[in-house]
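Numbering (our numbering), first residue to last: 154 to 372.
Calculated directly from the structure, the hints in this document are not laboratory data. Some clues are possibly wrong.
Stated by the list, open to error - What follows is a set of in silico ranges between Cβ atoms, one per label pair, in the way DEER data are often shown:
| # | residue 1 | residue 2 | range |
| --- | --- | --- | --- |
| 1 | Gly371 | Val275 | 17 to 23 Å |
| 2 | Phe162 | Cys185 | 29 to 35 Å |
| 3 | Lys159 | Arg222 | 52 to 58 Å |
| 4 | Lys156 | Ser241 | 30 to 36 Å |
| 5 | Lys159 | Asp188 | 20 to 26 Å |
| 6 | Lys159 | Val360 | 15 to 21 Å |
| 7 | Asp302 | Ala261 | 18 to 24 Å |
As the list claims (entries may be wrong) - Distance condition first, Cα-Cα at most 30 Å in a straight line; then the derived DSS-like pairs of lysine-lysine:
| # | residue 1 | residue 2 |
| --- | --- | --- |
| 8 | Lys165 | Lys220 |
| 9 | Lys322 | Lys157 |
| 10 | Lys369 | Lys159 |
| 11 | Lys156 | Lys369 |
| 12 | Lys283 | Lys178 |
| 13 | Lys355 | Lys322 |
| 14 | Lys266 | Lys166 |
| 15 | Lys156 | Lys166 |
| 16 | Lys220 | Lys166 |
| 17 | Lys156 | Lys184 |
| 18 | Lys322 | Lys159 |
| 19 | Lys266 | Lys283 |
| 20 | Lys220 | Lys322 |
| 21 | Lys184 | Lys157 |
| 22 | Lys157 | Lys266 |
| 23 | Lys266 | Lys184 |
| 24 | Lys369 | Lys184 |
| 25 | Lys283 | Lys250 |
| 26 | Lys283 | Lys159 |
The model shown is predicted, which means the values in this text are computed figures rather than measured ones. C-beta atoms are modelled at their ideal positions from N, C-alpha and C, and glycine is treated no differently.
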Amino acid sequence: MAKKPKETFEEKKRRAATVLRRLAKAYPEAKCALDHRTPLELLVATILSAQCTDVRVNMVTPQLFAKYRTAADYARSPRGVLEREIRSTGFFNSKAKSIRAAAAAIAAEHGGKVPDTMEALVRLPGVGRKTANVVLGNAFGKDEGFVVDTHVGRLSRRLGFTREADPVKVEGDLNALVPKGRRTMGAHLLIAHGRQICVARKPRCEVCPVNPQCPKIGV
DNA sequence: ATCCCGAGGG
DNA sequence: CCCTCTGGAT
154 MAKKPKETFE
164 EKKRRAATVL
174 RRLAKAYPEA
184 KCALDHRTPL
194 ELLVATILSA
204 QCTDVRVNMV
214 TPQLFAKYRT
224 AADYARSPRG
234 VLEREIRSTG
244 FFNSKAKSIR
254 AAAAAIAAEH
264 GGKVPDTMEA
274 LVRLPGVGRK
284 TANVVLGNAF
294 GKDEGFVVDT
304 HVGRLSRRLG
314 FTREADPVKV
324 EGDLNALVPK
334 GRRTMGAHLL
344 IAHGRQICVA
354 RKPRCEVCPV
364 NPQCPKIGV
């Protein structure tokens with residue numbers, strides 16, 4: 154058995170770029186979910202996307218964004234109405250509460266403008282590090298780094314992008330591999346892939362769009 | 001039956 | 001740390 158030549162760092166970077174390019178093509182709805190949104194729309198879409206697929210989020214956002222144009226619009230939406238409108242995205246009570254509360258704070262404390270710093274975003278009720286990172290990266294061009302969750306961690310190891318278990322170290326490895334400007338989208342694409350095809354228990358390698366680029370570590 | 005692309009609260 | 005929210009996928 155001939156030993157495979159070790160992949161250089163430059164080769165790994167190119168492979169990472171190829172993987173993200175192919176995932177973007179394979180999951181257009183994931184790309185769509187983060188593209189071409191105002192900060193407020195992006196914030197709402199991101200809150201809705203928790204525990205929910207991009208396809209379902211994309212099904213409710215057009216009507217939502219046509220009706221609610223400002224933070225104040227959400228803040229004064231009557232109890233029950235917004236809940237019904239976002240019902241199909243799950244967790245509708247807590248999500249509606251988060252959207253209303255964050256919108257109220259934006260209207261009251263930020264002049265109706267979604268804040269553009271991590272500290273201010275995380276202070277908004279219903280907005281955590283993950284949501285804040287997506288808004289920073291895709292609405293304000295501050296694409297500083299990956300936020301590593303279980304999907305991003307698992308896929309990064311499986312694809313041979315890192316050997317680390319610690320999310321902070323995985324984040325460092327990914328940031329070294331993927332240039333600024335592609336990180337937020339990269340994380341989103343890895344997550345979509347990790348939910349739909351490269352699932353934890355039984356990855357469906359036979360239909361995987363990045364099968365040729367994947368060493369399948371640990372599978 | 002079990003598992004979730006997150007956040008708040010105990 | 002733990003639990004809960006909630007609907008849908010598997």
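Exercise. Is Lys355 within 30 Å of Lys322, Cα to Cα?
Worked result: holds (26 Å)
Exercise. That 29 to 35 Å hint for Phe162 and Cys185 (C-beta), does it hold up?
Worked result: holds (32 Å)
Exercise. Would the pair Lys266 and Lys184 pass a check requiring their Cα atoms to be no farther apart than 30 Å?
Worked result: holds (24 Å)
Exercise. Are Lys283 and Lys159 close enough, with their CA atoms no more than 30 Å apart?
Worked result: violated (34 Å)
For this session: For the pair supplied as a hint, Lys266 and Lys283, confirm whether the alpha-carbon distance does not exceed 30 Å.
Result: holds (19 Å)
Exercise. Does the Cβ-Cβ separation between Gly371 and Val275 fall within 17 to 23 Å?
Worked result: violated (33 Å)
Exercise. Range hint 20 to 26 Å: satisfied by the CB atoms of Lys159 and Asp188?
Worked result: violated (37 Å)
For this session: Given the hint that Lys184 pairs with Lys157, test it: the Cα-Cα distance must not exceed 30 Å.
Result: With Cα atoms ~35 Å apart, Lys184 and Lys157 exceed 30 Å; violated.
Exercise. Taking 30 Å as the top limit, are the C-alpha atoms of Lys165 and Lys220 close enough?
Worked result: violated (45 Å)
For this session: Compare the distance between the alpha carbons of Lys283 and Lys250 with 30 Å, and conclude whether the hinted pair is satisfied.
Result: holds (18 Å)
Problem set entry | Hint check for Ala261 and Asp302 - Cβ pair distance inside 18 to 24 Å | violated (31 Å)
Exercise. When you check the alpha-carbon spacing of Lys156 and Lys166, does it fall within 30 Å?
Worked result: holds (22 Å)
Of the numbered hints stated above, those contradicted by the structure are hints 1, 4, 5, 6, 7, 8, 14, 16, 17, 20, 21, 22, 26, listed in ascending order.
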